[in-house]
Amino acid sequence: MTFLSIPILAWLILIPVLGGLLLLLIPGKKVALLRWSALGISLIPLVMAVVLWVNYQPKADALFQFEMNIPWFAAINSNIHFGIDGISLVMVLLTALLTPLAILTSFNIKVNVKAFMVLFLLLETGILGVFVSLDLLVFFLFWEIGLVPMYFLINLWGGEKRNYASLKFIIFTIGGSLGLLLAIQMIGVVTGTFDFVEILIAWPALQSGTLFGLPLETVKAIAFWAFVIAFAIKVPVWPFHTWLPDAHTEAPTGGSMILAGVLLKLGAYGFLRLVLPLFPVESAKYAGWLAVLAVAAIVFGALSAASQKDFKRLVAYSSINHMGFVILAVAAAAWAGGSTDPAIRQSSVIAANGAVLQMFNHGLSAAGMFFLVGVLYDRAHTRMLDKFGGLFAIVPTYGAILIFLSMASLGLPGLNGFVSEFMIVRGVWPIFMLLTAISMVGLLFTGVYVVKALKLVLQGPFNETWAGKISEINLRELFVIVPLMILILSIGVWPSWILNIINQTVMRWF
Amino acid sequence: MTFPFLSVLILLPLLAGVILLLLPAGKRGLIRGIALGVSLITFAISVYLFAAYDKDLAGYQFVEQMQWLPALGISYHLGVDGFSLPLELLAGIVVLCGVMVSWKVEDRPREFFAFIMFLASSVFGVFASLDLFLLFFFFELAVFPKYLMIVMWGSPKTKEYGGMKLTLYLFFGSVVALVGVLAIYFTSGLQTFNLLELEQAGFGLAVQKLWFPFIFIGFGVLGGLFPFHSWAPDGHVAAPTAVSMLLAGVEMKVGAFAALRAGLMLLPDGMQFWAPLVLILATINVVYGAFIAMIQTDFKYVIGFSSVSHMGLVFIGFATLTPEGLTGAGLQMFSHGIMTALFFAVVGMVYDRAHTRNMAELGGLAKHMPLAMIGFVVGGLVSMGMPGFSGFVAEIPIYMGAWKTMPLVAIISVISIVVTAAYILLVVRRVFFGETPEPIRAGLSDISVMDKIVVVGLSLLMILIGLIPSLLVPMIQGGVSHILSLVGGA
Chain W
1 MTFLSIPILA WLILIPVLGG LLLLLIPGKK VALLRWSALG ISLIPLVMAV
51 VLWVNYQPKA DALFQFEMNI PWFAAINSNI HFGIDGISLV MVLLTALLTP
101 LAILTSFNIK VNVKAFMVLF LLLETGILGV FVSLDLLVFF LFWEIGLVPM
151 YFLINLWGGE KRNYASLKFI IFTIGGSLGL LLAIQMIGVV TGTFDFVEIL
201 IAWPALQSGT LFGLPLETVK AIAFWAFVIA FAIKVPVWPF HTWLPDAHTE
251 APTGGSMILA GVLLKLGAYG FLRLVLPLFP VESAKYAGWL AVLAVAAIVF
301 GALSAASQKD FKRLVAYSSI NHMGFVILAV AAAAWAGGST DPAIRQSSVI
351 AANGAVLQMF NHGLSAAGMF FLVGVLYDRA HTRMLDKFGG LFAIVPTYGA
401 ILIFLSMASL GLPGLNGFVS EFMIVRGVWP IFMLLTAISM VGLLFTGVYV
451 VKALKLVLQG PFNETWAGKI SEINLRELFV IVPLMILILS IGVWPSWILN
501 IINQTVMRWF
Chain X
1 MTFPFLSVLI LLPLLAGVIL LLLPAGKRGL IRGIALGVSL ITFAISVYLF
51 AAYDKDLAGY QFVEQMQWLP ALGISYHLGV DGFSLPLELL AGIVVLCGVM
101 VSWKVEDRPR EFFAFIMFLA SSVFGVFASL DLFLLFFFFE LAVFPKYLMI
151 VMWGSPKTKE YGGMKLTLYL FFGSVVALVG VLAIYFTSGL QTFNLLELEQ
201 AGFGLAVQKL WFPFIFIGFG VLGGLFPFHS WAPDGHVAAP TAVSMLLAGV
251 EMKVGAFAAL RAGLMLLPDG MQFWAPLVLI LATINVVYGA FIAMIQTDFK
301 YVIGFSSVSH MGLVFIGFAT LTPEGLTGAG LQMFSHGIMT ALFFAVVGMV
351 YDRAHTRNMA ELGGLAKHMP LAMIGFVVGG LVSMGMPGFS GFVAEIPIYM
401 GAWKTMPLVA IISVISIVVT AAYILLVVRR VFFGETPEPI RAGLSDISVM
451 DKIVVVGLSL LMILIGLIPS LLVPMIQGGV SHILSLVGGA
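Chains W and X supply the protein sequences, listed in that same order. In terms of our numbering, the first sequence opens at residue 1 and continues consecutively. In terms of our numbering, the second sequence opens at residue 1 and continues consecutively.
FYI, nobody ran anything at the bench for these hints, they're computed from the structure. Treat the numbers as computed from the prediction; the structure is a model and nothing was measured. Careful, some of the hints might be misleading.
What the hints assert, rightly or not - With a straight-line Cα cutoff of 27 angstroms, these simulated DSSO-like cross-link-like pairs (lysine-lysine) come out:
1. K161/W to K104/X
2. K455/W to K469/W
3. K29/W to K159/X
4. K387/W to K285/W
5. K110/W to K367/X
6. K367/X to K168/W
7. K59/W to K110/W
8. K367/X to K209/X
9. K309/W to K161/W
10. K30/W to K452/X
11. K30/W to K367/X
12. K104/X to K29/W
13. K161/W to K387/W
14. K469/W to K110/W
15. K104/X to K55/X
16. K110/W to K30/W
Stated by the list, open to error - Derived Cβ-Cβ restraints for the label pairs, each shown as a range:
17. V292/W to S481/X: 49 to 55 angstroms
18. S485/X to P204/W: 32 to 38 angstroms
19. D352/X to R476/W: 42 to 48 angstroms
20. A360/X to F3/W: 23 to 29 angstroms
21. I295/X to E464/W: 30 to 36 angstroms
22. P439/X to R476/W: 40 to 46 angstroms
23. A32/W to L21/X: 30 to 36 angstroms
24. Q200/X to G213/W: 33 to 39 angstroms
Beta carbons: idealized from backbone N, C-alpha and C, even for Gly.
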């Protein structure tokens, strides 16, 4: 599929960055024009994502569709190789959907609007690039490049502790990806290519012998952990999560939406796309450890969220909790890779389906929750839960929306979170029974922190200081949240529109 | 006879320097006009050569040869290959930028621009020399303008110390290198300094092992090779802006290039024998340089030490003796040259306005000079090897070369990436963001048009190479395959 003889995926990557460059030409004082132009540009990738969605053939034989492959760095055999399958398509849709919503949210940014919008569009290119890249070096390129705009979004437009939070964010992530970089180089040297599809055949096929004077098994185990740590920091998996509450809390609302909605998915996507296919043996071997860390993330994430006083920090910790389920499912799929029992295989497919769907769902609900916290903060200039109370009386629409989003996050049947978490638990149960049982404790505390937040903000005696100060959610804000609510509901009642795409791909990989 | 582009490239600045010195000192407009004109011409020639070089043919092109001292086998012999031509381009760019950012020099502009012209002539000459004596001649030609420029126009507090230290270190290196050069001249028995003939001389293993360290380390001092690097930060910091740009941007490459040309290419077996030691020293460069840069409080010292760190990667690339490693080293020399020239230019712009380089006394400059901030951030991203910028495409092949020879080198030196990220981000934050301290506020103004052209041009170049490495790579690969054929053939 091409347009002006340039493949559609190249357009998808180029449009945000070209649009960003275009914004540079607009004088910084024309704030309204800058905002609307940024929004308009970010809608183009959304349209393209929908076009991709419609034209995607779930049952086609090809591993990847809409492929393109042009030389980039011939000296070391690295190519710009793009292509998508069901997993990446879902992520592309999520990214293309959340970016315009986050830009619309960021209409509340007052200073340096131009730089903000340009960085935001660059960020979109970085994220989309990761999801479509089929060359390890190009994958790494996009993986890192997205950090720069995110760093500056936090550092320049963030809250009080933005310096600390942004530096911690970028140093954690760059530090974490050093091992990934080394492992990618090593695989490149050993296989002579960076092309994912070629490496997929060549690398797992290496079974015995020595590399660099070490047994191959050891080298592979080290490379496996290098990949795992890089992605685990991004997800984040306990105990690599400590950058997250700071970064999410300090980021501007639009940044938090993208950070929680999409950036965290990059880590989980890395597990599904690279770790499991490239390291099937090691994945099966170490899956138990990963599952333990995932359950720790679920339980500790929920407990920490329940003890927060800052609303935004509470939502940030809830992300750790929800992403823990994704990793638990990944661990189950990894473990099942070493098994031939058909029942186990089937469970692992269910778990992997759940993982991808949970990534999408969490993207919707986390972005929505951060947005709602932002709406409240814009009006009250505080996020301390104990300062609120009884707001339902003055902002009933906002209250209703907050309850809706909270219920989605909590996993209420009929909304999206329930579907994916049920699939994960169903899929993981036969594989890690005890751990699944423990993770249910985490689920219990999810209920606790959600209800706690609702109680402190909306219910109880009305805090008179807010009378006349907190206004109802406005039209622009409704335009942000309503699309999210529609999607949340549609997946909750009729998940097969998205599961059809995911399932065909997942069956092929897991 | 084709037009002698290389001779013009080398001799025009030399001539211009002499003419400048003969002009009356008062004619500032004319003087800087001539300097700008000449540097524009040399820039244009270097671009022309770069574009006109036949990459498929490879080998030495634009060759010129004339007898000079036939009794000693010395000839005026010039030519460029795929490895040296990007460095000529680099020199053309940095000289031009150096003149442009020095546009407002008030203090003795006549001598200032004349010395820059001499320095330019020297670096163009080294990269184009195909005669060992000529190479050494041009190498030494730079010493006196460098020394004088640092002690005359350098930072008030450290200029004597920095200038003296730099000169003594480099003098020491030259003497050691000269011993090696003479030794191989006599042992070859060919009675020639012609590099092309010496390349084929086939020195015995014992000779190679013995004399390689003299030449490689002797020239390597100028490249900042550990433990002979300590002139670099002091020298860079003491120098005036344009000289810092030329020193770190081009002169360090002159050192590395001479070590390659006379050391690696003439004594390839010596290189192979000593490669593990060079790898270890260079790895220390990379990691140690990065850590030391991190604890600096002086803005300019941070950049000075970062150069030490980055030049280490060049030496790692050399010592791997692999196509990837050497190609990466060639890219890294170009990329680092552009990057560090930009860094020092921005440091100069900040210092000219704030009159301090202490980061505790700086802050919030992004509001006053936004483009300088953007340039520094782009340079910083190159410096931390961020993908999408020229540093990444240079570092990746070097690391791959290291994986093929000594994986531990790649694993250890990769630490520098995160350290570099930390210090660059801290510098950006301390200098360009936050509140502007009261004492420096009065002097702040935006950068001049000339400065803006330099910052934007250099930034775009680094992004361009980062996104499209094939602009440079095929040419460098041609040079590298020649170098490796020497290693294989010996």
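Hints versus structure:
Only pairs whose Cα atoms come within 27 angstroms are accepted, and K161/W paired with K104/X is rejected, the gap being roughly 41 angstroms. At roughly 20 angstroms between alpha-carbon atoms, K455/W and K469/W fall within 27 angstroms of each other, so this suggested pair holds. A threshold of 27 angstroms between alpha carbons decides the hint, and for K29/W with K159/X the separation of about 45 angstroms lies outside it, so the pair is violated. With a C-alpha separation of about 49 angstroms, the suggested pairing of K387/W with K285/W is violated against the 27 angstroms cut-off.
Our distance criterion of 27 angstroms between C-alpha atoms is met by K110/W and K367/X, whose separation comes to about 16 angstroms. Pair hint K367/X plus K168/W holds up; C-alpha atoms about 25 angstroms apart against a cutoff of 27 angstroms. At roughly 48 angstroms between alpha-carbon atoms, K59/W and K110/W are farther apart than 27 angstroms, so this suggested pair is violated. Only pairs whose Cα atoms come within 27 angstroms are accepted, and K367/X paired with K209/X is rejected, the gap being roughly 56 angstroms.
Pair hint K309/W plus K161/W holds up; C-alpha atoms about 17 angstroms apart against a cutoff of 27 angstroms. Between K30/W and K452/X the alpha-carbon distance is near 24 angstroms, which keeps this suggested pair within the 27 angstroms criterion. For the hint pairing K30/W with K367/X, the CA-to-CA distance comes to about 18 angstroms; that is within 27 angstroms, so the pair holds. Our distance criterion of 27 angstroms between C-alpha atoms is broken by K104/X and K29/W, whose separation comes to about 32 angstroms.
With a C-alpha separation of about 21 angstroms, the suggested pairing of K161/W with K387/W holds against the 27 angstroms cut-off. Proximity of K469/W to K110/W is assessed by CA-CA distance (about 20 angstroms); at most 27 angstroms being required, the pair is judged to hold. Straight-line distance between C-alpha atoms of K104/X and K55/X comes to about 40 angstroms, which puts the hinted pair past the 27 angstroms bound. For the proposed pair K110/W and K30/W, the alpha carbon gap of about 12 angstroms is at most 27 angstroms, so the pair holds.
Hint check: V292/W to S481/X, Cβ distance near 52 angstroms, so the stated range 49 to 55 angstroms holds. Taken as a hint, the range 32 to 38 angstroms holds for the pair S485/X and P204/W, whose Cβ atoms sit roughly 37 angstroms apart. At roughly 46 angstroms, the beta carbons of D352/X and R476/W sit within the given window of 42 to 48 angstroms. About 53 angstroms separates the C-beta atoms of A360/X and F3/W, a value inconsistent with the hinted range of 23 to 29 angstroms.
The given range of 30 to 36 angstroms is broken by I295/X and E464/W, whose C-beta atoms sit roughly 53 angstroms from each other. The beta-carbon spacing between P439/X and R476/W, approximately 44 angstroms, falls within the hinted interval of 40 to 46 angstroms. Evaluation of the 30 to 36 angstroms hint for A32/W and L21/X yields a failure: the beta carbon distance comes to about 59 angstroms. Distance hint for Q200/X and G213/W: a CB-CB separation of about 36 angstroms, consistent with the stated range 33 to 39 angstroms.
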